Amino acid sequence: MKFVIKSISKNSGRLGQLRIKESQELATPLLMQTTKGGSIPYLTADAFEMVSNEQQLLQLTLSTMDQMAESLALWTRPLSDYVGLPGHNTVLMIRDPCETTPAGGNDRDVMPLFTRRGKESLTATQYMEMVAKFAPDVYQGLCDADTNPESTKKRVQKSVDRTERFMNECYALHGKEQRLANSTLLAPIVGGYNTFARTQSIKHAKEQPAGSYGGYILEGFHTNGLAATTLSAAQLLPIVEHCLQQLEDDKPRLMPGAFTPLLTLELIRRGVDVFDTSYAYCAAANYKALTFSYTKDAVQHAAFLDLTDDEIKEQFTPLLSGCTCLACSKHTRAYIHHLYKTHELLGPILLMIHNLHHYLGFFAAIRSSIAADQLPELIEHVRLQNTDAEIDYRIEANAKVISKAAMGKGFIAAAV
Amino acid sequence: IPPLTYKVVAECSVSKARAGLMTLRHSEVRTPVFMPVGTQGTLKGILPDQLIELDCQILLGNTYHLGLRPGIETLQKAGGLHNFMGWPRAILTDSGGFQMVSLLQLAEIDERGVNFRSPFDQSECMLTPEHSMQIQNAIGADIMMQLDDVVKTTTTGPRVEEAMERTIRWVDRCISAHARNDDQSLFPIVQGGLDIPLRERCVFALMERQVRGFAVGGLSGGESKHDFWRMVDVCTDHLPKEKPRYLMGVGFAADLVVCVALGIDMFDCVFPTRTARFGCALVDGGQLNLKQQKYKNDMTPIDVDCGCNTCKRYTRSYLHHIATNENVSCSLLSIHNVAFQLRLMNSMREAIQRDEFPQFVRDFMDRHFVGEPIPTWIREALAAVNIELPEDAVQPTEEQEKRTEKSR
Ligand SMILES: [Zn+2]
Ligand SMILES: [Zn+2]
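Chains G and S, in that order, are what the protein sequence lines are.
For the first sequence, position 269 matches number 269 in our numbering, and the numbering has no gaps at all.
For the second sequence, position 83 matches number 83 in our numbering, and the numbering has no gaps at all.
Heads up, some of the hints might be wrong.
[Stated by the list, open to error] Computed footprint of chain G on chain S, listed as stretches where at least three residues anywhere in the stretch have a Cβ under 8 Å from a Cβ of chain G: (1) 46-54; (2) 84-96; (3) 299-311.
[As the list claims (entries may be wrong)] Mimicking DSS-like on lysine-lysine, the simulated pairs with C-alpha atoms at most 30 Å apart in a straight line are: (4) G/K251 x G/K206; (5) G/K133 x S/K312; (6) S/K296 x G/K400; (7) S/K312 x G/K313; (8) S/K77 x G/K330.
By construction, these hints were calculated from the structure, which means they are not laboratory data.
Everything numeric in this text was worked out from a predicted model, so none of it was measured.
From the three backbone atoms N, C-alpha and C, an ideal C-beta is built for every residue, glycine too.
Could you put together the complete structure from these sequences and hints?
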């Protein structure tokens with residue numbers, strides 16, 4: 001993996017090019033495609049191609065794919081082929097950013113992996129053996145990321161210490177695994193909201209010999225799911241800034257989680273390079289269409305359209321006027337409301353198509369505005385949406401929507 | 001131009017099978033045709049664009065469900081179901097009666113219509129032939145069904161005759177109430193249980209009505225296959241050749257092949273999409289339950305010869321892992337299963353056009369019943385239309401006969 005910075009400005013973020021293997025270059029700030037069980041949530045490969053034909057970085061997660069490890073050990077083609085998305089690049093991560101990771105299970109030498117089948121425990125050696133079976137293009141180092149704004153100092157310190165022990169093994173094993181010869185390791189930076197702990201974690205990574213890892217993954221700010229949409233900027237941004245100041249410029253910085261569009265922009269302004277689509281997913285799963293504007297205009301906009309709202313029952317208009325996605329060009333609010341009422345799978349499919357289209361457009365707009373040195377203007381536009389107050393981008397669990405349990409394994413039972 | 005024209009394109013010189021072209025307001029439909037069931041105005045997790053890519057020409061919608069949600073008013077405001085769901089091709093709707101009788105335990109039928117309690121507010125409701133027409137006119141399907149008096153296929157005695165007679169009375173009420181005869185074609189439904197004279201009387205009575213096609217109803221509900229094929233056979237013996245014939249609720253592969261041989265043109269069934277939800281994929285030899293351990297490391301597609309997007313991209317191994325776990329597995333398997341059904345119909349149509357249908361049937365049965373004797377009812381049904389199958393080395397056991405009545 002190669003990363004080249006194209007431009008850096010003090011207040012306006014940075015533009016870069018990420019080249020993974022010999023594939024084409026991916027422009028940063030970059031949106032990774034979050035997956036579940038290896039697939040873009042709700043979307044078949046050809047449905048996703050109706051959203052984008054561009055090369056993607058797929059964010060695969062062990063917590064939704066661990067059961068495939070044995071099969072993948074027998075797979076000789078690229079990992080992306082196995083999940084039906086050939087030609088794309090893969091990053092293997094541990095936790096699913098779309099769902100809350102349960103707390104606990106952090107014993108001295110093992111890391112808890114929460115899967116659909118319950119909790120499993122992995123030692124660093126077991127973790128590396130598993131990663132080798134996947135043979136991803138990029139993967140994260142093992143870390144204890146079970147910290148959030150409420151974590152105690154003791155818990156934070158433990159996460160840093162355990163991560164160091166895990167990573168010592170990961171660094172050692174990374175070079176030995178034949179199937180990881182072409183994979184790039186990302187160094188995890190943990191330490192909750194504690195500057196001292198963060199510095200310690202960064203120091204450990206930077207002590208490694210040159211070439212030990214190819215980028216950073218900033219973890220331990222939240223424990224995934226909707227909670228990431230409610231993080232306080234005032235709390236998060238200083239600690240992230242503290243970390244970024246200590247990281248060299250020529251390595252990409254990834255930060256998984258469903259941050260709001262506004263917080264994402266603030267993180268980009270400070271130098272985070274790679275995000276994921278879990279926010280677009282969390283909105284779709286809760287029957288919300290993204291409607292915020294990222295193009296300067298004079299009209300007021302709302303963050304979302306709630307498709308469970310009975311008021312739209314007879315609105316035969318697109319989710320978002322002017323949107324060119326498949327859902328908006330061929331279907332109406334009224335129809336998607338009907339799909340919600342009847343618990344039909346096509347509802348979240350159409351919402352996911354729109355939300356991904358919208359969010360990919362958002363990231364393209366971010367890159368252009370950095371290039372034009374106008375990121376602060378974009379942030380102001382996203383913050384207010386031409387209203388008088390800051391827009392609320394948090395996503396709350398929509399109680400009217402069929403529960404996650406019912407849509408997961410149990411959705412079969414619910415559908416019968 | 002009439003809203004439905006039907007032309008026989010080719011006839012099998014041996015059996016009653018025929019290939020036809022049905023031209024509807026929203027699309028041309030090449031028969032024999034399988035119509036996937038999109039109960040609530042959507043086909044389980046498949047985008048309309050994906051259905052068009054599969055060359056699906058006509059979908060089925062359920063009047064009972066659509067009448068409840070989104071309801072007539074909304075459908076009217078949307079300009080009909082085609083507009084509402086963004087499906088540009090043809091749609092057929094049922095009358096709503098069968099769904100009510102099968103879904104609602106408290107449904108009762110009298111001369112006025114079907115009485116039931118609303119599942120939402122428990123209020124007493126009545127679906128009359130007129131009401132069914134009103135809803136179907138609002139839905140605006142290319143083909144609509146009369147409300148019929150539905151009895152269990154296993155019912156015997158005077159109730160069967162009563163239902164048959166009432167169905168004929170109701171078709172007249174439907175014809176009078178049908179407000180869009182220039183846009184939508186109403187099909188009457190042949191009833192008469194498992195009684196050949198009753199079926200004949202019903203066919204002759206319905207043929208006196210001004211209609212553009214016919215449905216055969218009251219079958220595929222648990223009757224023995226020996227009775228089933230004989231009822232289909234007697235109906236197609238008498239129904240006019242120049243109009244399409246629709247056999248309601250039939251969709252297992254072997255049944256489709258037999259009934260095409262008997263002269264049926266249109267079929268529908270929820271089975272291909274329902275079985276997809278449980279991780280099952282249709283193949284020539286029946287179906288694969290992908291949840292089984294033997295598929296865990298199987299790096300081949302469901303069917304190497306299938307050109308669907310699922311088979312082009314995904315292995316059995318991957319599908320094994322995500323089936324019933326990830327929502328997308330439901331879409332992937334539904335796409336394959338619909339592709340399977342449509343391909344089967346297409347290959348029958350092509351065989352009929354080449355006048356090689358009898359050989360097609362023999363090859364199909366050979367592939368379908370691998371290592372198993374062909375059930376007696378299939379031999380008898382095909383023999384009735386002059387298609388002889390090669391002798392099996394062994395006779396099917398009673399258990400094998402029973403199994404094929406249901407599962408294939
Ligand atoms: Zn859209
Ligand atoms: Zn297929």
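Hint by hint, here is what the structure shows:
1. Against chain G, the region 46-54 of chain S contributes 6 residues with a C-beta closer than 8 Å to a partner C-beta. That satisfies the three-residue criterion, and the hint holds.
2. Counting residues of the region 84-96 of chain S whose C-beta lies closer than 8 Å to any C-beta of chain G gives 3; at least three are required, and the coverage claim holds.
3. Check result for the region 299-311 of chain S against chain G: holds, 3 residues qualifying (beta carbon to beta carbon below 8 Å, three or more required).
4. Annotation: proposed proximity of G/K251 to G/K206 holds, straight-line Cα distance about 12 Å (limit 30 Å).
5. Only pairs whose Cα atoms come within 30 Å are accepted, and G/K133 paired with S/K312 is accepted, the gap being roughly 24 Å.
6. The hinted pair formed by S/K296 and G/K400 fails the criterion: a straight-line CA distance of about 36 Å is larger than 30 Å.
7. In summary, the hint linking S/K312 to G/K313 is not supported, as the alpha carbons are separated by about 38 Å, beyond the 30 Å threshold.
8. Between S/K77 and G/K330 the alpha-carbon distance is near 17 Å, which keeps this suggested pair within the 30 Å criterion.
Going through the hint list in order, the structure does not satisfy hints 6, 7.
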